[in-house]
Every structure is written in C-alpha cells, then in structure tokens.
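Residue numbers (numbering that gives the first Met the number 0), protein chains in the order written: chain A, 0 to 70; chain B, 0 to 207.
Some hints here could point you the wrong way.
To be verified - Below, simulated DSS-like cross-link-like pairs (lysine-lysine); rule was C-alpha separation at most 30 angstroms, straight line: (1) Lys24/A - Lys7/A; (2) Lys51/A - Lys39/B; (3) Lys39/B - Lys24/A; (4) Lys186/B - Lys55/A; (5) Lys7/A - Lys80/B; (6) Lys46/B - Lys55/A; (7) Lys186/B - Lys15/A; (8) Lys186/B - Lys58/B; (9) Lys21/A - Lys80/B.
Since the hints were made in silico from the structure, they are not lab data.
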Amino acid sequence: MCLAIPIKILEIKDNKAITDFKGEKEEFDIRLTPDIGIGDYALVSNGFIIKKISAKEAEEIFRVIKPKEEI
Amino acid sequence: MNLTGEQFAARFSCRCWTSRMKGFSNLLENFAVHGTNYEKAIKILRKLSSFAWYEIIAKKNNIDNPFNIRVVRAYWLGDDKLVGQIESPGSALLLFHNFTVLEDVHRYPGVTVEDIDRCKVSVAKACGIKEGRIDVHHRELIQQDGEFFLTQNPKIISIEKGFVRELETGDWVVYHEEIAIDVLSEKEALALIQRTEEAIKLFNQQRA
C-alpha cells in the first residue's frame, strides 16, 4: 500500500497540530516538520506529520486515494 | 555497475500501490534495471510517500542525499544503524517500512491484512526456481484479536523473479509486492526478520 494521507493543518499548539482530513479532526506530532504552518497540507503516518506538501500535491493524492467514507 | 540508491528505491517502489494506480510501474522497473529515464524516475520517486521517510532518515543522520543507498536500504531493509526510533508522548515511530505500513489497515477500511502482507518487505528461502518465478517459504502477516503476527509455519508462495538474476534453491530472497528485489546473506535475512518482529511488537504495544 505504501500510503501517506494528506491532511490540512487547522491549529498548532506546542508540538501538536490539529488537522483535518475530509472533515475528520485528528492530532499529530509536528516535531519532524517544524516549518509546518496553519493552512498547510502535509502527509501523516503513525501519529506524526512526515512531510509538508503543496495544495496541488495534496489534490493529486486525493484523486488517487479515496477517503474512508467513500471506500 | 553498482546499484544506486535511486535504483534500489525504484526496485521497491515499482509495484507499490501508488505506482500501479498512476501507471508508473514500467518506467520505474526499467529505471531500476537500466537506469533509463533518470529525470522522470527521480521525479516520481520524490513524490512517493517513501521519499518522506528517506528525507527523515537522512536528516536524522546528517546525510545530504535522501537517495543515499544506506538511507534507502535502512528504510526498506532496516539493516543499517541509520534506522532509528522517534519518541512522542504516547507513541513512537520506527523509521522502517515494516513498521510504517502497518497503520494502513487501521486508517483505511478498504485495506486488508492481506494487502499489507504483500506490501511488507519479506525475506524467505527459495525452495523452487522455474520460468521467471521463485517459490519461497513465506511467513504470512496475520491479525488476531487486533494484534499483528507473523505466522510461525510458512506457506509456499510463488513470486516473480523480478530483479534477481542469479539464485539457487536455499538462498535468502527479499521481496515486496510479490516481486523479488535482491538476494540477502543469512545474516542480513535474519536481521530483517528480527527487525520486522520488533516492529510488529512495537506497533501492537502502541495499539493496545
């Protein structure tokens, strides 16, 4: 599978970010990507944000994968 | 010709889910073997989620190039001291494919344990070789009561000979998505099995 899911950063507090994935809120550790900011898109895995990506890249991934409720 | 980190990455990524969905498999396979279409292949490899892990491992070890062969091997085989663990309150992250991939079952209801079994990096002894295929003693990933395990009793499965040119019955072969990637020494193979079991144990502990 080798998937990584794009999310959008809604809020940052200390080392945690509140994120949105198609309406689902989740908290992730941001220490691997300290340059992340509110409104950015990023890939997440196992409780961590692992890479900041552009909105265009996020859209490309959304086109390939389907969120939970659509599977 | 020595295998570059980029080509080694392409061997593992050519059959991954994203490559298949986006039609990248042939280009990456040709690049892995012949080094052709270098720029396109690199562009694709940089877009795959595995590249994010190469970047993290490289940064953690002060290595400039995320495609450094040691970095790529560390992520896929876990056979290098570069693989590490990142701690966070309540969770830990092992920078190794066979750890990171386990989460997909929980995150995506459409993803099955069988999918992850094919996606994990496996190593097994070859027990038959014929017409471009290899029979191996495969230890399957299973899930019982919410926990993952590797079966103790291997079953024989057939995989593509893929990137392996010379192989004898009894050799250890590493494979991903049912395509052979390389031949490993017994020491490397046993280390990969041990690290996989450690990764599964850590994942189960965190999910408990």
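Now the hints, each set against the structure:
A threshold of 30 angstroms between alpha carbons decides the hint, and for Lys24/A with Lys7/A the separation of about 10 angstroms falls inside it, so the pair holds. At most 30 angstroms may separate the alpha-carbon atoms for a hinted pair to count; Lys51/A and Lys39/B meet this at roughly 22 angstroms. Taking the CA atoms of Lys39/B and Lys24/A, the gap is about 36 angstroms. The hint is violated against a cut of 30 angstroms. Between the alpha carbons of Lys186/B and Lys55/A the distance comes to roughly 44 angstroms, so the proposed pair goes past 30 angstroms and is violated.
The suggested pairing of Lys7/A with Lys80/B is violated, with an alpha-carbon distance near 33 angstroms, which exceeds 30 angstroms. With a C-alpha separation of about 12 angstroms, the suggested pair Lys46/B and Lys55/A falls inside the 30 angstroms cut-off, and the hint holds. This hinted pair does not check out: Lys186/B and Lys15/A have alpha carbons roughly 40 angstroms apart, beyond 30 angstroms. With a CA separation close to 27 angstroms, the supplied pair Lys186/B and Lys58/B stays within the 30 angstroms bound.
Distance check on the hinted pair: Lys21/A and Lys80/B sit about 38 angstroms apart at the alpha-carbon level, beyond 30 angstroms; violated.
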